[in-house]
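Chains as they are written, first to last, in numbering that gives the first Met the number 0: chain P, 0 to 267; chain W, 0 to 447.
It should be emphasised that the hints constitute simulated quantities derived from the structure, not laboratory data. No experiment lies behind these values; they were computed from the predicted model shown. Wrong hints could be hidden among the right ones.
Some chain P residues judged to face chain W by a derived CB distance under 7 Å, without partners named [to be verified]:
#  : residue
1  : Pro43
2  : Leu44
3  : Thr47
4  : Ser48
5  : Ser60
6  : Gly65
7  : Gly66
8  : Ser119
9  : Arg124
10 : Ser134
11 : Ser211
12 : Gln223
13 : Thr227
The C-beta atom is built at its ideal place from N, Cα and C for all residues, glycine as well.
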Amino acid sequence: MSRRERIWVQLGCIAVSLFMGVPLYLITLAALSSRESLNEFPLPLLPTSLSGETMSTFLKSTGIVGGLVNSLTIGLSTVVLALLLGLPAGYALARYAFRGKDPYQLGLLLTRALPIVVLSVPLGRIFLDVGLYDSTYAVTLLHTALALPTTVLITSAIFLGVSREQEEAAMIFGASPFAAFARIVVPQALPGIAASAMFTFVLSWNEVLGASILTLNRRTLPAQVLATLADSPLAFRFAGGLALVLPALIFIAVARRYLLNMWGTTLR
Amino acid sequence: MTRRTGLDITQGLSRRSLLTLGAGVAAAPLLGACGGVSTSGAEGGEGSVTLMSNQFSPVEERQRFEEILSKRVTGEKVAFNQVETGIFSSTLQTQVDAGKVQVSLVGALHGDLAQHKDRLIDLDDVLGELGDRGFATDTTDLAKLGGPTTKYVPWMQASYVLAVNKKALQWLPSGVDVTKLTYDQLLDWMTAARAGNGNKAVFGIPAGVKGLYHRFFQGFLLPSFTGGQITTFRSPEAVTAWTYMKELWAQAATASTNYDNLQEPLERGEVLVGFDHVARLVGAPTAKPDDWLMVPAPSGPKGLGYMLVLAGLGIPEGAPEADKAKEVIKALTTPEVQVDVLKANSFFPVTNAQIPGDLPGAVALAEGAVSKQRDAENAILSLPPVGLGARDGEVGQIFKNCFKEICLDGKPVQQVLDAQATELNKIMDELKIPCWQPDPAGATCRAA
Chain P
0 MSRRERIWVQ
10 LGCIAVSLFM
20 GVPLYLITLA
30 ALSSRESLNE
40 FPLPLLPTSL
50 SGETMSTFLK
60 STGIVGGLVN
70 SLTIGLSTVV
80 LALLLGLPAG
90 YALARYAFRG
100 KDPYQLGLLL
110 TRALPIVVLS
120 VPLGRIFLDV
130 GLYDSTYAVT
140 LLHTALALPT
150 TVLITSAIFL
160 GVSREQEEAA
170 MIFGASPFAA
180 FARIVVPQAL
190 PGIAASAMFT
200 FVLSWNEVLG
210 ASILTLNRRT
220 LPAQVLATLA
230 DSPLAFRFAG
240 GLALVLPALI
250 FIAVARRYLL
260 NMWGTTLR
Chain W
0 MTRRTGLDIT
10 QGLSRRSLLT
20 LGAGVAAAPL
30 LGACGGVSTS
40 GAEGGEGSVT
50 LMSNQFSPVE
60 ERQRFEEILS
70 KRVTGEKVAF
80 NQVETGIFSS
90 TLQTQVDAGK
100 VQVSLVGALH
110 GDLAQHKDRL
120 IDLDDVLGEL
130 GDRGFATDTT
140 DLAKLGGPTT
150 KYVPWMQASY
160 VLAVNKKALQ
170 WLPSGVDVTK
180 LTYDQLLDWM
190 TAARAGNGNK
200 AVFGIPAGVK
210 GLYHRFFQGF
220 LLPSFTGGQI
230 TTFRSPEAVT
240 AWTYMKELWA
250 QAATASTNYD
260 NLQEPLERGE
270 VLVGFDHVAR
280 LVGAPTAKPD
290 DWLMVPAPSG
300 PKGLGYMLVL
310 AGLGIPEGAP
320 EADKAKEVIK
330 ALTTPEVQVD
340 VLKANSFFPV
350 TNAQIPGDLP
360 GAVALAEGAV
370 SKQRDAENAI
380 LSLPPVGLGA
390 RDGEVGQIFK
400 NCFKEICLDG
410 KPVQQVLDAQ
420 ATELNKIMDE
430 LKIPCWQPDP
440 AGATCRAA
């Protein structure tokens, strides 16, 4: 790369980082500013009037901690369940040719084609009838259903990149098919698995409507606060925004280390 | 990627990742073992009354109401669930229709409850025991939702008023009493204020996506000019009213189409005079009540049209704790709770509760304006639409459409009203319901 190209690449990186970073900075700043200072014009871009008051009022609302626990439970359970169901499906799609493979892949995406709002009443009714209504299990099941298509498609793409010969070699040296899958294929496919886990977690974390329909007393954090925040003063919207963004960011930061050589490129 | 490094990574990560994965698999069901953690304060299980409401959505209002509940409703444990209107409706529908009801008490606006008329039990017995509360007949009639029996017990009420920053008074034409404005005086004032303020408009209405500006046309402007709402929809007086609105809009801040509530633009000083729901205005004067006035809505040729906002408490068919819910209704209509709710959240008593003299500044301003409005000699009371049920939103949309086409798009007034009247009559002809105030009660309601 010439010097000039490198400069352009650097500038591009800076632009992308700013694109993601500036809104986060502004939300954090506003969430930790005093309420009066948000009515000033122009708004200061540096932390001049720090105050934790709105944030602590927000965090003290009923159900914030409970909602956080529920959201984490549902998010992690959804990741586990979606991987348990999605990995074998993705593997089958990558390794075997079978009749109707393409329509099957397309059909997978159809679960995302129906908006939940259309399904809200029947969905609520089914969960009431089977007795799962108002529990984290209900929301986990719904989120798993929503996440499966992306899990299957992402992992099948990544399994395609894992060499079949290594797997066969392992079996020649005495590994059972499952052991070969677990010890040879899965580790090499980890980046893709991490990526799909991230998608799944963030999807579950952000999903509001389904969670609001299926729960009443045991809500997820977004379902608990999002409607409230829309009608609250500006200061609380920023505080709530920060509280909703942070856990997802932490999860992404943790899962990111498995993202190295995702889709065949080396990131580190 | 060479095969070599691929295998190295494999070995470096496999144990750690398997451990992580294992921990995750083990932890998730453990966390989920109890089906989740309660987020509504009280455990929504045995014996507690789950109160679902679409009111008190702002964070602080909700916290203050929960405080009132825990302080004043001591007999029963109440789990307060605040939900959006859409979720409120679908939850109530799903639970009652499935016959597995978990909500014991619902609290919402008249219009939100009206569409679930058949899903609520009769509350004549509760209302009968509450004779000493002194509910107004207007409200208890509304609570029948068009049938012979009481479907909800009035909970609290509100209205819409004008908030005025005292800075704007410098442009008030001489000889005009700000507490007894007419619509023409308001227009002159706002025109003068805009000129005096360096051509920057000072008047705002909540014309944002979630704003309640259609209520201004339904309950204030049109009744004041025409004496009716539906029957007079395209009368010559209605044309005058909308022509007036066009002139007023020309003097209003164009950013109004972004305002969902006016207290924030007022507090920031973007606008100085604004019309909105009391609960969406009261935040503006909270910090400095002395800088503000709240005044009744203006009067028009027919009088001072104003709209009553009524919220009620109902019990769903098949509620698990119906008897306890009835006790909670009784507790929430006691004078103490009614006054507490007024002080904390600016919703007004529906009972004869004595309003104390020590109200917080902003609430006292609001209370003054609302009672002046109600007691004005030329007052014309508008009720929220009675019997529209699920079509309430559609009828509201027709008034919003009129505003958009007349004021924003500048289309001819009569033409717009004729077109929208056809739409309105399509709905009204399907429903075949009698008119409500201020339209004359009688045969089926439709635009003449």
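How the hints compare with the structure:
1. Pro43: Status violated, d = 15 Å.
2. Leu44: At 18 Å from the nearest chain W Cβ, Leu44/P fails the 7 Å test, so the hint is violated.
3. Thr47: 18 Å, violated
4. Ser48: 15 Å, violated
5. Ser60: With Cβ-Cβ at 6 Å, under 7 Å, it holds.
6. Gly65: 4 Å, holds
7. Gly66: Gly66/P check passes; min Cβ-Cβ to chain W is 5 Å, inside 7 Å.
8. Ser119: Ser119/P check passes; min Cβ-Cβ to chain W is 5 Å, inside 7 Å.
9. Arg124: Check passed: Cβ of Arg124/P comes within 5 Å of chain W, closer than 7 Å.
10. Ser134: The hint holds - Ser134/P has a Cβ within 7 Å of chain W, the shortest such distance being about 4 Å.
11. Ser211: 5 Å, holds
12. Gln223: Constraint on Gln223/P satisfied, holds at 5 Å.
13. Thr227: 5 Å, holds
Going through the hint list in order, the structure does not satisfy hints 1, 2, 3 and 4.
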